[in-house]
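**Student:** Residues per chain are reported as follows:
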Amino acid sequence: MKSFEYQRPETVAEAIKAASKPGASFYAGGTNLLDLMKAGVRTPDSLVDITRLDGLKRIEPQKDGSLRIGALVRNSDLARNADIVSDYPAIAEALLSGASGQLRNSATVGGNLMQQPRCAYFYDPNSACNLHEVGEGCDALEGENGKHAVLGWTKTCIAVHPSDFCVPLAALGARVVVDGADGAREISIDDFYSLPGSVQPPGSALKKGEIITEIILPSDAKRFAPWARYIKLRDRTSFAFAIVSAAAMLHVGDGRIKDARIALGGVAAKPWRAREAEDALNGAEANEASFRKAADAALAGARPSGDNAHKIELAKRILVRALKAAADGTPPKMPDLPGSVFAVGKEAR
Amino acid sequence: MALRISLNINGTEHGVDLEDPRPTLLDVLRERIGLTGTKKGCDRGQCGACTVLVDGRRVNSCLTLAVSLEGAKITTVEGLANGDALHPVQTAFIEHDGFQCGYCTPGQIMSAIGLLSETEGKASAEAVREGMSGNLCRCGAYAGIQDAVMDAQARIAKGAKS
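Protein chains in written order, with full-length UniProt numbering: chain A, 1 to 349; chain B, 1 to 162.
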């Protein structure tokens, strides 16, 4: 690992100043960054340790019904928070379906948003990857690419965003609060991520030195609590990234869907809000035919980026399953296998 | 960039001089303090052999910078037994053959202790399998490990009542 300078600021203002220097990077949970530094993919000149910024560790319900979550809240603490469990159960399920118990105790909200893709060519400093340097090319295009993107990709980059947590955040229209030298601003999670272009690889809207301070769940997000699930298909039952995943949240009345929130994971360089699927469900009956129609709409623009055409049908089926599970109602207690296809339906009976 | 940190490890205060900020908690425990019970497996957060408790929570010590933990309370497998009296999780691993070669065992035991405090004594066998998924055992002693963790949970509950 290349050596680096180490700083531990006591205030957000100091952190922004320190991170504005060339080659500086924030350090919080460290679970992704240190891994990439050991691989030689990330070589920061300085680390700005923000773990002591206690003001960013709060979870605060607001008077208007929204919820503010500090960027340094650990994944495991957020998943067990009483407000999250009761009002945003798909977020708790997504968090608990991700990584391992040890990693969830370290990983933070902000770090989760800033996760780098798990593409093997990105992780190999000797492979060509436009995320290493723009213009390097992409070895994944002709390589092992069975788990790569089917939506929103270009030949610049076909990697997917690996987060589970960000999928229900995208479905609920969360906002990301960032602070920097030019002051604080709010960005919708949809705008926070950029898809790859003809030259530029995917990225975030953060400017140099800017820090994520909070996530805001909007005031209308709670009403989906009775019908909210996150379902994730993976190679093994636990401790694996999603091949495809879906957050499905419904607002049901008189057997009809009054409102729907849907996002997919593992399919694109960002958590993929499926507005076409939401529109297809508005006013529809909550049954399998409606769900299949919504899934077809969600994946209408999908195309394989390599050896991964199967992911299109898989994503549709996972979305149908997630919608069925959501329509059956949020389980009264978190399933022992959160987000697992093996947990669906079991607890509802 | 010399740095001095202090860590409370298994109840004892240790001052550690670091010549630069790179050493992980795992390397400090093994190479500076001489506590080699905590094992280095993958060194990338995938195998769980390096699991320790930091302020009571299980973490991968290989993915944690020691310098960031200034003032933290660390518990390693060496800090569990009270003389010859083993921790209930250690006893259960022995009685249920929760290992073969033993290399992953310190991490398994520390992870199990973390899991049992997270689940507050209510973990089902399925929740134990899920909760221990961050610890690999290449000998494949998983059946014994699951039995040991379930039994340890029962022992701890009984101990708390008596």
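Just so you know, these hints were derived from the structure itself, not from any lab. All values reported here derive from a predicted model rather than from experimental measurement. By construction, the Cβ of each residue, glycine as well, lies at the ideal position given by its N, Cα and C atoms. Do not rely on the hints blindly, as some may be mistaken.
[Stated by the list, open to error] Listed next, with one range per pair, are the computed distances between beta-carbon atoms:
(1) B:1 / A:39: 17 to 25 Å
(2) B:31 / A:17: 41 to 49 Å
(3) A:181 / B:1: 50 to 58 Å
(4) A:135 / B:1: 46 to 54 Å
(5) B:143 / A:317: 30 to 38 Å
(6) B:138 / A:65: 46 to 54 Å
(7) B:20 / A:288: 57 to 65 Å
(8) B:101 / A:188: 21 to 29 Å
**Student:** Each of the hints needs a verdict: does it hold here or not?
**Tutor:** Verification of the supplied hints:
Under the hint 17 to 25 Å, the C-beta atoms of residue 1 of chain B and residue 39 of chain A, about 23 Å apart, fit the expected range. One distance hint, 41 to 49 Å for the beta-carbon pair residue 31 of chain B and residue 17 of chain A, is violated here, with the actual separation near 34 Å. Separated by about 25 Å at the C-beta atoms, residue 181 of chain A and residue 1 of chain B break the suggested range of 50 to 58 Å. Between residue 135 of chain A and residue 1 of chain B the Cβ separation comes to about 33 Å, which falls outside the hinted range of 46 to 54 Å.
A C-beta distance of roughly 32 Å is found between residue 143 of chain B and residue 317 of chain A, which places it inside the suggested range of 30 to 38 Å. For the hinted restraint 46 to 54 Å between residue 138 of chain B and residue 65 of chain A, the CB-CB distance of approximately 50 Å keeps it satisfied. As the Cβ distance of residue 20 of chain B to residue 288 of chain A is approximately 59 Å, the hint placing it in 57 to 65 Å holds. At roughly 51 Å, the beta carbons of residue 101 of chain B and residue 188 of chain A sit outside the given window of 21 to 29 Å.
The structure fails hints 2, 3, 4, 8 (numbered hints given earlier, in ascending order).
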